[in-house]
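These protein sequences, in sequence, are chains A and B. Following the working numbering, the numbering of the first sequence begins with 1 at its first residue and continues without gaps. Following the working numbering, the numbering of the second sequence begins with 1001 at its first residue and continues without gaps.
Think of the hints as simulated: they come from the structure by calculation, not from any bench. This structure is a prediction, so every number in the text was calculated from the model and none was measured. Possibly wrong hints are sitting among the right ones.
To be verified - One-sided and incomplete, this derived list gives chain B residues near chain A with beta-carbon spacing under 8 Å:
(1) 1043
(2) 1107
(3) 1221
(4) 1250
(5) 1253
(6) 1254
(7) 1255
(8) 1269
(9) 1273
(10) 1277
(11) 1280
Said to hold, decoys possible - No more than 27 Å apart at the CA atoms, straight line, and that leaves these computed lysine-lysine pairs for DSS-like:
(12) B:1243 x A:186
(13) A:118 x B:1243
(14) B:1244 x A:186
(15) A:186 x B:1239
(16) A:163 x A:139
(17) B:1139 x A:139
Glycine included, each C-beta is placed from N, C-alpha and C at the ideal position.
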Amino acid sequence: MKAIGQTRAKPTWWFSNVGTYRFVVYGVNVTLLMSVVSFMEGQRQNYKSTTERMNRYHLTTVAEAIAVREHLHVVEDAIVARALEARPPTAISSREPLLVAYPRIGTVLYLVEANIEKITTAQSVFHDSNFEELAARSKRQFSDLRANISDGLTQPSKVESAKRQLAGLALTVEQLRRLHTMEYDKLATALPLNNNRHVQLVIAIVTTLLAVSFVFTRQIFKMIERATDALSRSEERYRTLLESAPNAIVIVDSDARIVLVNSQAELMFGYRREDFIGQPVEMLIPLRYHDRHRQKRQKYLQQPVLRPMGEQLDLCGCRKDGSEFPVEVTLGPIETEEGIFVESTIHDITVRKNLEQEAAEYRDTLSHVSRISTMGEMATGIAHELNQPLTAIAAYSFTAKGLAEQVTECPHELREILEKLEDQAIRAGDIVQRLRKFATKTDSVRTITDLNALVGDVAKFVEPDSRKAETVLTLEFDEPSPKVMVDEIQVQQVLVNLIRNAIDAMQETPTSRREITISTRALQNGQAEVTVSDVGKGLSNDELEHVFDAFYSTKQGGMGLGMRISRTIVEAHGGTLWAKPNNGAGVTFAFTVPLENSHEQ
Amino acid sequence: MERIAAQKLTFAIAALLSLLLIGCSGKKTGEDLPPVLKIGVLPDESREKLAERYEPLRRYLSESLGLRCELVFYENYLAIVEAFGDGSIDLAYFGGLTFVQAMAAFDAVPLVMRDVDSRFTSYVVARADSTETDLAGYKNSAIAFGSRLSTSGHLMPRYFLAEQDITPETFFSKVHYSATHDATVEGVRDGTAEIGVVNSLIFNSMVADGRIEEGEFHIVWETPPYSNYVWAVQPSLGKTGRKKLRDAFLALSPSTEEHEEILRNMGAGGFYPSTAATFSELNEIALEMELIQ
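So here's chain A without its partners, still in its complex pose (with noise of 0.2 Å):
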């Protein structure tokens, strides 16, 4: 679990380069290790020739000393022994006296005169003027003795003094052999696996070493690469889950940074991969709510369980580019030896929420038309009580006017009085006869419709409310006129309501600037198109993107339902309503229904 922590750290890292690492320290550690034996074995090499050369010539010059030595020796005896038997000295004329005069000195002698050359030659390598000297002293002292031989040793201080050159010479050549056994057993010293117990006994510790080191790396690099394929199959594994898996998954350290994430939350975030690893995980949260979770999070790692985040909140994610989206969370501990890790499995309920809001929309309507269908009937029901008291009204009116004009002396202001109570009890009859109509749920029943005719219609029916409101209502019909297949009492209400809210725009306004321009048109896509115009004091933007909401409204004690009533009737009709700003002041609703031949079609 450990690796794959170290992994996650650093994914990325890990897989490329584990290998070069490993190549790269091995590399190092060869090309080290060749070139430093290489070297060595070249120093070696080259001291081991010059040793053995060094060796050869000491041997050469100890065998040589040897030699001249029983030389020496014999030489000693015979002149002790045939001195005065030699031959006399005339006869050493000839061009090798002494071998003439002392066949068997002279035969050693000559020897003794190849050794001393050979020794000669041999110390030319040593440059060391120890040998030099002595080389040089052996020579003469040869140079001395055959001279003093060849002389004649006729007389016995000749015999003597060449015994005495004889013991010198000896002498000579024993310190050289002595000087150069001294050096050779040096040399044997000093040369690598020579018979010398240590040196031997610590090259082969030194030796055993190296050799369990050099196969100790090898092994703790095998064991490296298994562990690493290992590894990389278990990421493998892993990471196939974690890509496979539908929603968006981040892993983070107890630091809260993450270490892991996959592309689903590349996609969610819009940050790539590497910009995530290393992050404190609030680069996901908006800004306001980063000390919350800290708090959170902390809570969350000393009972670390699986479980959803923010239970009963909502959780908003933070995209790159600042936008925010509502996210439900997951959280699962994972333990590794880094300390605790948390896996968090992030799902975008953007849709969700879009749909639920739309739900509580729909459901707000649903009731508001409830409501209202409930006023409707509840308009209906006093329309038809009020209906009664006006009929009798009306017809107590009348026959009041009747007994008023067989009375001769009534009064005509009492004709006239009663004659306006009939009519106004006439038009409260008709308003209730219309509130009962208009209110009255009743099943839409789409007709063909002159859509100018309608708007007349509405015109008069708000006729009253423009003129106590100073307000004029200017038409403009596109002629001929459309023909809409519509529900007309529906497409009046929405009318009604536009022409209301225009009104009511406009009281700021000044009375002589008051005007309210309702046109229509026939357009080209088989909709019909009604404006309703006012120059009020306008929208704001802000107004204008919620002015369809339930429950908005711009109006002191409005109830905000007349406009979002609207474009549900004007949407159910399979048109829009929408509204714009003026160039110049106030606001231009618009709605489009659609004309007869297209709902044929």
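Dock chain B against the given chain A, drawing on the hints supplied.
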């Protein structure tokens, strides 16, 4: 692959070690010869005899080196080692054991030895009437060594006996130590011990000057040759000075008449160069006997 690399590594290490050794050996550097060279000689005879013996050498060294040389005499062996230790003498003529002591304690550097000094042997002698002809025959007999501290009367013979797997204390019934070589020989003659260990030169000289009769003893065993005496110098003396001194000794040749006198006085036919390795056996046995540390 590993084996080759390991071998190469071995060589590399070996080369390193030898480099190290070479480096160490070349470490000491000292001055040239001192203005006055003080020569200490082993007090194995009376002061007058010693002065007579070494005066020609002193004069020769003084002339050939071009500096003043002085002879210094001591009462006993220990005194010369101590004098060497406190630097009172520059050049000293040591016995075998005194030299390894001076080397162990004060890093004395061997310089030269007489030709005869490398040809010492010791005899194991028995009375002529004893019938055994080799050492094994004297198992569980009493043996007499010379002085405990004598190189030729005790230490070197003990070393060579050990090489034959003979530990005197267990092999022989009794181990005596006599003060001198003469006493050893006398002890054997008197029957104090069946066999005695004696310096071959001394034994031969005893025979030569009639102190013992040739037929009185027979030689049971002779040790291999070993080195005994040596001229050594202070370690502070530099390479150059050491070489100058050694060359002066090596140049003494019997072929020259005046040299012959000097050499004859010291009982030498000439000098050979010497190294510490010459005394490795003695060093070993001295360590074993806890005579040096």
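Here's how the hints hold up against the structure:
no., hint, result
1, 1043, "28 Å, violated"
2, 1107, "18 Å, violated"
3, 1221, "27 Å, violated"
4, 1250, "5 Å, holds"
5, 1253, "4 Å, holds"
6, 1254, "4 Å, holds"
7, 1255, "2 Å, holds"
8, 1269, "6 Å, holds"
9, 1273, "5 Å, holds"
10, 1277, "6 Å, holds"
11, 1280, "11 Å, violated"
12, B:1243 x A:186, "17 Å, holds"
13, A:118 x B:1243, "25 Å, holds"
14, B:1244 x A:186, "21 Å, holds"
15, A:186 x B:1239, "17 Å, holds"
16, A:163 x A:139, "16 Å, holds"
17, B:1139 x A:139, "54 Å, violated"
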